[in-house]
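With chain B's structure known, arrange chains U and D on it following the hints.
So the protein sequences, as listed, match chains B, U and D.
Going by my numbering, the residue at position 75 of the first sequence is 75; the numbering climbs one at a time, nothing skipped.
Going by my numbering, the residue at position 540 of the second sequence is 1540; the numbering climbs one at a time, nothing skipped.
Going by my numbering, the residue at position 13 of the third sequence is 2013; the numbering climbs one at a time, nothing skipped.
These are computed hints drawn from the structure, not numbers from a lab.
Please note: incorrect hints may appear among the correct ones.
[To be verified] Which stretches of chain D does chain U cover? Using the computed rule of at least three CB atoms under 8 Å from a CB of chain U, they are:
hint, region
1, 2001-2015
2, 2044-2052
3, 2062-2070
4, 2076-2082
Model, not experiment: these values are computed from the prediction.
Where is the CB? At the ideal position from N, CA and C, for every residue including glycine.
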Amino acid sequence: MRLLENGGDPATPLESLAGTNQSDVVVEMPGDTPFETAADIAARASRIDIRFPKFRDGRGFSLGAMLRERAGFTGEMRAVGDVLPDQVFFLKRVGFDAVAPEADINDEEWSQAVNAFTVVYQPAADGEETAIRKRTAPHGDQDREVQDRLKKLNERYRGASAQDIIKAAWTELFPGRLAVMSSFGAEAAVSLHLAASVDPNIPVLFLDTERHFAQTEQYRQTLTDKLGLKDVRIIKPDAEEAAEEDAKGDLWRTDPDACCALRKVRPLAYALDGYDALITGRKRFQASTRMRLPIFEYLDGRYRVNPMADWAPEQVQAYFKEHDLPTHPLVDLGYNSIGCWPCTQPSSDGGVRSGRWAGRDKTECGIHFSFGDAPGKVRRAG
Amino acid sequence: MYQYDEYDATLVRERVEQFRHQVDRRLTGRLTEDQFKPLRLMNGVYLQLHAYMLRVAIPYGVLSGKQMRTLGHIARRYDRNYGHFTTRQNIQYNWPALVDIPDILGQLADVEMHAIQTSGNCIRNVTSDPYAGAAADEIEDPRPWCEIIRQWSTFHPEFSFLPRKFKIAVTGAAEDRAAIRAHDIGLKVVKNDAGETGFAVFPGGGQGRTPRIAPLIREFLPVQELLAYLTAILRVYNLHGRRDNMYKARIKILVESLGADEFRRQVEEEYEKIAADGSLALPDEEIERIRGFFPPPPQAESAEPVQFSDDADFALWRKHNVRPHKVAGLKSVVISLKPIGGTPGDATSEQMEAVADLAEQYGFDEVRVTMEQNLILPHVREADLEAVWRALADIGFATPNAYTATDIVACPGLDYCSLANARSIPISQEISTRLDKSGLIEDVGDVTIKISGCINACGHHHIAHIGVLGVDKKGEEFYQITLGGSHSDDADIGSIVGKGLPGEDVPAAIERILRAYLATRSDGERFLDTLRRVGEEPFKEAIYEAA
Amino acid sequence: MKMISSNKLTDGRVIFWTGAGWSADMKDGKVLEDDAADAELEAALKDEATEVVGPYLIAVDGHDPAGRERLRETIRLTGPTTGSTKYVHGIKPGTEA
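For reference, chain B alone in the conformation it holds in the complex (with noise of 0.2 Å):
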């Protein structure tokens, strides 16, 4: 959050860029701009100010929240006119990066004002972790230094292609440090297929639980034929765990979490010595525990890295159809989701995660959660 003095520098007002299809414009509007108006306008434009008549009227705080959570706008906003440095908290929470205020502001007034508080309630357009997250998906080995350059990056890389959070990812934050985790499922070919076109070189882990299906096995080496995956490494579970906790085999029936622990979470602790990142494919829609997902995030010790954090079902499929990528054969049967067989049906109602743990009441495995959460204990190798 920056503090313009003088009013910042001028941008063209809304009225005069009727009609005209200027691109990369600086454009200030008022804060009670009909919010299509404004969008039509943020399609173009790399700088938006919305003006406050009066510090009273917070129509603008709604204008600027949608055009960063509805119309997408990643360029800079501003906010100009008559604001009050008590106001400039909530300006920050709602997408604005600068303020140009009418009245003067001493620089004590700025930072109380900025740092007003470290507690949110709301899930807002600066990304900040609310307590309603913060208590549902605790991670209090997190230290300041993790969460200040989470902030940084999620900042930096808000709006950006999904193929430059990976290039980004792969050659300048985590080089030779990251590796690409897949299940080799319904869309994992897009993650894939990402990662292949910034370099086929970046590790492929996958968890080889034992149960899967033999349509998955089959799918996993058609996508590393096609797309080239040089360096796909696959990870089991330990022979000795599994043969004491689950002599029979039939665990996923009698404790799916114990299950999920022995053949995803505890494998998967073991094989990642030596990343500090992951790149996964989550996308906010699949879940509702992941509709916050953040670009980057911080999970037991390791950065996890969502390039697709906010791509909708239907940029899935585009990117399938553009692509030509190969689909895995049990989508066509009707599957969704795919894990593995016993814990996997076909769905009916169209959530894109629906025919997992049918009948249970359970949404994720655990590999997402913090391991220390997780159900099942993680046991260290050595």
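Structure of chains U and D alone, referenced to chain B:
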């Protein structure tokens, strides 16, 4: 009851420091009064006639003994030894110094309380059924939802500068004891055919200058969608509510001018978009965490019938002030803050501390504040009723008049309030004294009398069976009488009956209304039902009989 | 005749403009001719920066409130008429003073 975790506690602490800083800036001239006013208002600090007034939130009316004791302590240390419980489950201090308020807020923060958003054009303290968790007719305890709304609405980045103030009320019982349809949004907990919990949503109600009963726009909202739907309503209101005229800026005017159907369409359209993002969907884990703070009521050790002493005063008090409970062997006790001739809703430090003791000793450490400006001990063992009654009598809090005609609601009026046109409290004192002497109270039964000192209607006169509205006529106080309002499931706005009366004529006029009712009613008919059956004419005649 | 009244910034108490400053005692208040009142209010308003809140003109008859707002100003001067203030002395509500 809910207990703050580190996040809640941190936020309230940070707010205290922010306000301390704001006060410093005002005192040193860095903030003009114009700039400071909206900031202090969002912290519940008004400037009234004689002094500042601090309004402290009692979220959904729930207090622990410790919190009640702190309220008493603050009254003694920083104020004139008393506080005033309001119709919106707040307490107001009438005499704090501005320079002391940051310290007061610090002491409140120590017991997990605050004054955040108790004024200003933002989402105010969420209110609820004072019998929540105890009422025999409850569908589900509304308090977890109130707490979820409290948190969501606190420092909402998008909705802190609304066109006008915004009040939300939630009930979870069959009978509406929270006046939900007289709120900007009323929520009623309902169950669908599958037995799932959801909300019926009523936006656009309100009192004030243009009283409206809220229409129903959503019959069943799944609970996980609560915040997404509230956000949709608030966003439509924030963008489209009027800002050119403060008297037309409440959501009720927007709902009325668009019509309920068009308003519903806009809200549903916005809601669809918000829900698609999904970030406001409430995780079941969080719902369960918050529900965990509101366990089922305690069990009475014995449900055996209790043999009460034959003290007639105790029997009368039991008749009016003891209410049914969902658990056999327990009762809810109404602590009347309406002594005959006293100030409705006032309590001294000593009284507050004594109630705190009673809550801890006999009430499972819970106290509630009601929109009738009384207190409630929601869970009391039947065997303890007599001890509680005697202790209340010792502090002047055992008036046996809950929900009777002397249980009068009154705003502070011109004795304190800078917006008032006329006094409310002295009128209520005169009415209560006169009706008490009249000997009619037992006979007339369920009659509500509520008094406001101006059209803002803080005294809820619009939703009273008999309402009294103070007006100013060329510097003289006059009082208009309204008849037929109700806050409950038969919610209605009272209508003004004829011209205003001078204050000294009001108590006698009200006594004549009640006598007219007794003369007109059929067997067992309530005042409101008689009025609805025969119309206002006989009552109008009674009011102006002597004039 | 007019007087300028206000509330003290630090504690909100009722005060009156004396011509040179502010006093809690209305008897110290400077009584102004109607046509001089606005100019004097301008001068008093300067104190709003750090001392008082919202100074305004009240109608007076000598040193007593007068005119349409007489009741309101009298209550400001003498306190609530409700008897609540007697609680200060520890008397229970509902009992005679």
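Hints and how they fare:
Under the rule that three or more residues need a Cβ within less than 8 Å of chain U, the assignment of the region 2001-2015 of chain D holds, with 7 such residues. Only residues whose beta carbon comes within less than 8 Å of a beta carbon in chain U count, and the region 2044-2052 of chain D has 3; three or more means the coverage holds. Coverage of the region 2062-2070 of chain D by chain U holds. Counting CB-CB distances below 8 Å, 4 residues qualify, and the rule asks for three or more. Counting residues of the region 2076-2082 of chain D whose CB lies closer than 8 Å to any CB of chain U gives 5, which reaches the minimum of 3, so the coverage claim holds.
When held up to the earlier numbered hints, the structure conflicts with none and fits them all.
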